[in-house]
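Using the sequences and the hints, build the whole thing.
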Amino acid sequence: MSKASLELGGGNWAAKDGKLLGYAVGDTSGKYLPREFDFTRGADIAATRVNKDGLIEKYRENLLLQSNNFGTTWAISNASLTSGHAGYDGSSDAWQCEASGLATVLQSVSTSGVQTFSVYAKAGTENGIFLRADGVNNPRCFFNLDSGTLGSILGGVIDANIEDVGNGWHRCSITYSDTTNDARIYVANNSNGFPSSGNIYIQDAQLEQGLVATDYLESGATTGKAGVLEDLPRIDYTGGSASLLLEPERANDVENSEYHSGSTYANNNVSTTDNQAISPEGVQNAAKIVLDSGTNTSNGGHYFQFGSTAGTDYTISVFAKAGEYRYFTFTYGSYSAGGGHFDLQEGTLLGTITNANYSNVVASIEDYGNGWYRLVVSLTDNSSVSGRFLSMKPSPDASVPSNNNYSSTGDGTSGAYIYGFQLEEGSYPTSYIPTYGVSATRNGDDITYNGMQSKGIFGANAGTIFLDIKRAASYDNTEIVWNFRDSSDNDMLMLYYEREGECDVFRLRNQLDTEFTTDSFTLSFSPKIAIVWDGTSRLEIFGNGSKITKTGGNFSSDVSIDDMVRQRLDRNTTEFSQILFFPTALTDSECIALTTL
Amino acid sequence: MRKFRKYAFGSQGAATAKINALGLDEEGNPTHSHSIVRLGNIVVTKGTYDEEGNELTAPVLSDKYHVDVMWNGEPDPDWDSQMVWCAPMGVHVFGSSSAIREWVSTCKELHPEYFPEPTEEEV
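Line by line, the protein sequences are chains A and B. Counting along the first sequence from 1, when you hit position 23 you're at 22 in numbering that gives the first Met the number 0, and nothing is skipped either side. Counting along the second sequence from 1, when you hit position 48 you're at 47 in numbering that gives the first Met the number 0, and nothing is skipped either side.
Think of the hints as simulated: they come from the structure by calculation, not from any bench. Remember, predicted model here, so these are calculated numbers, not experimental data. Wrong hints could be hidden among the right ones.
What the hints assert, rightly or not - Pairs of lysine-lysine residues, derived as DSSO-like cross-links and limited to a Cα-Cα distance of at most 30 Å, are as follows: (1) B/K2 x A/K18; (2) B/K17 x A/K224; (3) B/K107 x A/K224.
So this is what it looks like as C-alpha cells:
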C-alpha cells in the first residue's frame, strides 16, 4: 500500500496557534512534515473538551491586566507599593503594600456573572487583607493572614476561601455573582478593620469567571489565557483515546450551569450548597443536593424552569456523583415527567420514565471517572408549556416508580453531588457548555484545507480518503460532513450521514447527486470508511471491511479535488480518531484491509 | 474580529426577512459566515409556579422578536435600527470572550445606567 500523503490523528493529534496539524511525508527525508488545517469555531468560554487527564477542560482567563505589576494599570490610594520581595513561589516577585490611611489597590474592569477574585497575601506589620468588587451588592470579605481564617463576609459573596500555601503565604479569594466595575485590595488588620499604617505583602492577583480560583495565569498588557481558546481545535479524550471533536452550534439555555444556590434554580424538599466536592473539572466546584429531613412526597427536588415549544427536541444533562445517597432521579417536566432513575454507584440506568406529553424519551448514563457520571435525558416535547420543570433529586432508595413523584426520607445532611447542568435544543447531548450568568451558544467547529493539488495530497484525478470515526451522532437527515471541491469551488464529493429507519447509512455524492452506498450498510458506533476514485470509471466506497458501493453509480472522470470544507454550522457531532488522504486510488483489497474493524 | 449584537424586530417575519437577506443558497442554507440565534419572544417577566409546576401567574413575553448575531466582522449597518442593548446578566450571549468583552464595553459606553456606580464610602 502506498503511503498516505496526509495524516491526521492516529495517535498523533496536534494543534498549534489555532491550526489543526496534519502530517505529510517529506519529499526526501521520509520524515513527516506538519500541514496546517484552518480551524474556526469562534467560541472559547462556551467550549470544553475532556483532556488527557480525563478532566473537563475549559477556557480560562485572568480578566485583570498587569496581574502582578501593581506599579501600573492599578490605581493606588493611601498606599505605596514596592516590588522585589520574596514571594510564595520562591520568586522575588511579591509586592509590599505600605498603608498611609485607608490603603486601596484597585483595577477598573467591567465584568458580570459568577466570578472569583483572588490574590496571594502574607502578613507584614499588619496581618489582614480585604478583597472587594464594586457592583450591585459590593461583595467583600476580610481575611486574617495570621490565623489563616476568614473574617466578615458581606455583599452576597457565594464563597470565600483562604488557603495556606506555605511560608506564611495564603491565597485569599471571594466568589460572587454580580455586575462589577472593579476589583479592589485593601490593607486590613486581623479584626475586620483598616489600619492607617503598616504593611502586608501581595502577589499574583486574578479575576476569573467561575466558582473557584484556578491556577494562576499571568497577565501583562493583555489578559492571561489558557485552556480551550477561541478557534483552537478540540482534541478530545472522552473514553480514553484521542479524537478530533467537531460539533454543531449549540446553546446551553441554563444561565448558571454550575452556580446552584442562586435564583436560577429553586428547591422543593431539598437544599443545595455550592463548592462541596471536586467536580469532573478537577476543582472544588461541584454542588451538593441534600434531601430535607423527614419523609417527603414530592416531584420537585432541585429544579430549573423554562418555556418549551411543542415539537422541539430537547436534551438535558448533568454530571452527578453519589454522596451518602447513590440513587438519583433526573427528569424533564414536573409530575408529568420524562427521564430516568439512576444508580450513581454502579453507573446504571435503573428505569426510564415516560409520559404521553413526550415522545422519543431516551435516558442514558456515561462514566466520566472518579465516581462522576453524565446523566442524559433526550425527548421531544409534545406541548408548549411556559414553565417546564427540569428536576434533580437524590434518594436513599432504589425505587423506580413510573414518575418522579415518589416519597423519600432524608436526614437534612445526606445527598449527592452535581455539576454542569445543561439544556440544549437537539436530540442528543453535545460537550459541556459552561455558563456563568448568561445562557451561551458555542459556535460550530469548522475545518478547511485548501490547495490539495499543489501540495500533492491527491492526484490530478485520483485519490483515496480514509475516515476512522470514533463516534457519530447521526439523528437528522442529510447532514453534510464534508464537501470536497475543485479549485473553482464546485462540489465534487459530498459526504453525508442519513438516518433511514433504524439504520444509519453513510452516503457519498458527486455533482450529479448520485448516491453510492448500499442502503443496507449500517454505520456502526465506530465505523471505518474509505472512498477511492481513479479518474476513469472507478469510484468505490468501503465500510467496515466490505465494498458498499451501490450498483449503478456514476462519476465524472474529470474530478480534481483541491479543497476540503465543512459548509454548514448545523451538522451533527462527529469525532474522528484518524483521517488519511492518499494521492492514488488504493486497490479494493487495500481498502478492505484499511477499513476492517 | 467577530462582534456580538442583539436585535429586536416587530415580528418573526420581519426578522426572517432580514436574516434571509444576508444570503441563502438554492437549498435555503445560509451563504454567509455569521452565526444567528433566534431567541423569539423572550420572557420579560418570569411566570410563577407552585411546587408541582402548576402556573400561578403567566410569564410576560416581549412583543418583539429577538435575534442575537455573532457577526464575522463588523455588524451590518442595515440592522442598526433594530439593535437593542441591555444589562449583561441573565441574557443570551455567544461563547466568545473577546466578542462578549467588546459588547459589554460598548454597552457600558452607550448605556452606563446598566452598570452600577461604585459607592466609595462603603467598605
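| request: Hints the structure violates: just list their numbers, smallest first. | output: Those not satisfied come down to hint 2.
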